[in-house]
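If you're matching them up, the sequences are chains A and B in order. Last residue of the first sequence? That's 263 in the working numbering, and every number before it is there in order. Last residue of the second sequence? That's 532 in the working numbering, and every number before it is there in order.
It is possible that part of the hints are untrue.
[Stated by the list, open to error] Capping the alpha-carbon separation at 20 Å, the derived lysine to aspartate or glutamate pairs in DMTMM-like fashion look like this:
1. B:Lys414 with A:Glu27
2. B:Lys479 with A:Asp123
3. B:Lys479 with A:Asp141
4. B:Lys414 with A:Glu164
5. B:Lys414 with A:Asp123
Since the hints were derived computationally from the structure, they do not count as laboratory data.
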Amino acid sequence: MTAPEISEAAVKLEGVWVSFNGVTILEDVSLTIEAGRYVGILGPNGAGKSTLLKVILGLIRPQRGEARVFGEPPEKLRHHGNVVGYLPQRPLGNPRFPVTALDVVLMGRYGRIGLFKRPRREDREMARRRLEDLGISHLADRLIGDLSGGEQQRVFIARALGVEPRILVLDEPTVSLDVCVQDDIFEMINTLREKLHLTVLIVSHDIGAVARHMDDVVCINRRIHVHQPPPIGRLGLESTFGCAVEYLFHGEIPHRVVKSRDD
Amino acid sequence: MIDLFTLGFLQRALVAGILVSLLCGVLSTFVVLRRMAFIGVGISHSAFGGVALGFLLGVDPLWTGIGFALMVALLIEYAQTRTTVEEDTAIGIFFAASMALGLVFLHLSRAYNVDVFGFLFGNILAIGAQQLWQILVVTVGVLAVILAFFKELVFLSFDEEMAWVSGVPVKALRYLFLVIMALVVIVTIYLVGIILVSALLVIPGAIAQNLARQLKTMVWVSTGVAVGSAVGGLMLSYAIDFPSGATIVLVLAVLYLLTSGLRPWLHHR
Ligand SMILES: Nc1ncnc2c1ncn2[C@@H]1O[C@H](COP(=O)(O)OP(=O)(O)OP(=O)(O)O)[C@@H](O)[C@H]1O
Ligand SMILES: [Mg+2]
Chain A
1 MTAPEISEAA
11 VKLEGVWVSF
21 NGVTILEDVS
31 LTIEAGRYVG
41 ILGPNGAGKS
51 TLLKVILGLI
61 RPQRGEARVF
71 GEPPEKLRHH
81 GNVVGYLPQR
91 PLGNPRFPVT
101 ALDVVLMGRY
111 GRIGLFKRPR
121 REDREMARRR
131 LEDLGISHLA
141 DRLIGDLSGG
151 EQQRVFIARA
161 LGVEPRILVL
171 DEPTVSLDVC
181 VQDDIFEMIN
191 TLREKLHLTV
201 LIVSHDIGAV
211 ARHMDDVVCI
221 NRRIHVHQPP
231 PIGRLGLEST
241 FGCAVEYLFH
251 GEIPHRVVKS
261 RDD
Chain B
264 MIDLFTLGFL
274 QRALVAGILV
284 SLLCGVLSTF
294 VVLRRMAFIG
304 VGISHSAFGG
314 VALGFLLGVD
324 PLWTGIGFAL
334 MVALLIEYAQ
344 TRTTVEEDTA
354 IGIFFAASMA
364 LGLVFLHLSR
374 AYNVDVFGFL
384 FGNILAIGAQ
394 QLWQILVVTV
404 GVLAVILAFF
414 KELVFLSFDE
424 EMAWVSGVPV
434 KALRYLFLVI
444 MALVVIVTIY
454 LVGIILVSAL
464 LVIPGAIAQN
474 LARQLKTMVW
484 VSTGVAVGSA
494 VGGLMLSYAI
504 DFPSGATIVL
514 VLAVLYLLTS
524 GLRPWLHHR
């Protein structure tokens with residue numbers, strides 16, 4: 001499945017430490033993700049998954065260590081405006097914000113469009129196509145705050161895809177989505193990934209889905225845990241989650257673990 | 264009616280009122296969407312310290328007022344991003360301190376004869392040619408900046424993190440917006456006075472949010488409401504001999520109550 005060519009590292013973290021108010025959230029995290037991989041990130045609540053993504057995006061500067069995305073520091077990379085598609089964990093801050101679903105997806109194009117320019121017809125068509133991909137083109141002209149939780153979530157996934165990014169970073173994309181759509185979306189993202197050679201990072205609590213759809217699994221709980229590939233051992237997950245996860249995890253599902261360094 | 268417009272100071276008052284309310288209307292949309300109403304209160308009240316300093320030093324209170332408003336605006340932003348102080352706590356402290364400073368300056372200057380009352384409650388009829396020029400420059404500058412960065416301002420008001428990731432100069436625009444607020448607050452003081460400035464920064468946007476379902480419509484409605492209330496309020500105050508600033512704000516407040524009552528009907532079509 002992976003091309004035999006020499007792939008450049010999409011994401012490279014080296015010895016990253018992050019702490020908030022003296023509490024260490026990420027401890028000496030090193031991680032390399034090759035371009036074009038489909039990576040799931042697992043871990044219990046408060047483990048530092050969103051924090052890890054924000055370090056990769058440049059939203060949080062690590063106290064120690066460094067992050068590189070396609071060889072560049074993320075705070076430089078952002079100026080390209082079209083490399084990263086991001087779905088925040090709670091994307092809708094103000095439910096009364098008077099914008100339509102289509103407007104929201106168009107915002108994903110703003111970095112590409114650049115300063116002092118307006119969205120053009122191509123951008124609108126692109127945004128509509130992304131809504132179609134997510135099965136919500138009929139909601140294009142509805143206000144974002146009037147949509148159901150799952151519909152909103154799909155709009156924000158469409159926005160991340162609307163960037164036409166090289167790397168897609170999704171923080172819990174399937175919360176509040178119904179079961180059928182969950183699988184569809186993971187599949188659709190996979191199709192896009194193969195077609196466009198996207199690198200995809202997804203935080204999810206759905207261990208089954210992660211194991212079913214993704215190439216690589218990163219387990220994180222303050223530190224990055226390495227477990228023997230393949231398959232994910234139950235013990236590995238249990239040491240990440242600190243509780244028995246058997247009920248979430250049926251059978252031994254084959255997967256691979258990304259190159260990573262602990263200790 | 265014709266008489267009313269041929270009088271020089273009334274013409275100036277009207278032009279000033281239209282320009283200032285136009286500015287406030289446009290800005291108000293963002294103030295409401297970014298939930299910065301209290302920052303507006305803080306910046307406008309802290310201008311009092313600067314205005315009083317102007318009296319003390321004998322310089323145009325516009326400059327010292329802008330200085331104080333800017334300083335407090337930037338302090339609030341700094342306190343919010345760099346320390347653990349809550350934003351509303353920081354605002355409460357800084358604007359109270361700035362007003363207290365203003366009282367001390369007034370005391371020192373013993374300038375009770377100057378028009379302190381006019382600065383506190385607005386005296387639009389006292390606007391001279393110089394003030395009108397200041398207002399014009401601020402209006403053109405601020406509208407140009409907002410127009411140039413409209414798309415980015417909307418994006419960062421909606422989702423600051425994604426805007427940052429998409430390369431929007433979030434930090435620069437946040438500061439720029441505060442500078443704009445400080446400038447607009449100062450010129451609005453001519454119209455309604457320090458105490459009532461925040462009303463013009465908040466109520467037009469709030470009314471527009473009641474009426475409009477689209478962002479661009481909201482900006483137009485907010486601007487229209489602000490200009491309409493300023494002109495209407497000025498004429499009404501002239502007709503019934505009420506204080507003009509207070510009349511404008513009361514017109515806005517009544518419109519807000521009316522549109523809030525209408526909201527359930529407007530949004531059930
Ligand atoms: N800005 C912040 N200030 C202070 N503490 C923070 C901040 N951001 C995160 N934390 C803390 O860091 C820890 C990790 O947070 P993070 O959001 O990364 O967890 P997560 O793994 O994404 O959890 P969840 O599954 O609940 O989304 C939490 O204990 C949280 O309280
Ligand atoms: Mg999280």
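How the hints compare with the structure:
Restraint check: the Cα-Cα separation between Lys414 (chain B) and Glu27 (chain A) comes to about 38 Å, which exceeds 20 Å; the hinted pair is violated. As the CA atoms of Lys479 (chain B) and Asp123 (chain A) are separated by approximately 18 Å, the hinted pair is consistent with the 20 Å bound. For the hint pairing Lys479 (chain B) with Asp141 (chain A), the CA-to-CA distance comes to about 14 Å; that is within 20 Å, so the pair holds. A hinted pair counts as satisfied when its Cα atoms are at most 20 Å apart, and Lys414 (chain B) with Glu164 (chain A) qualifies at roughly 19 Å.
Between Lys414 (chain B) and Asp123 (chain A) the alpha-carbon distance is near 14 Å, which keeps this suggested pair within the 20 Å criterion.
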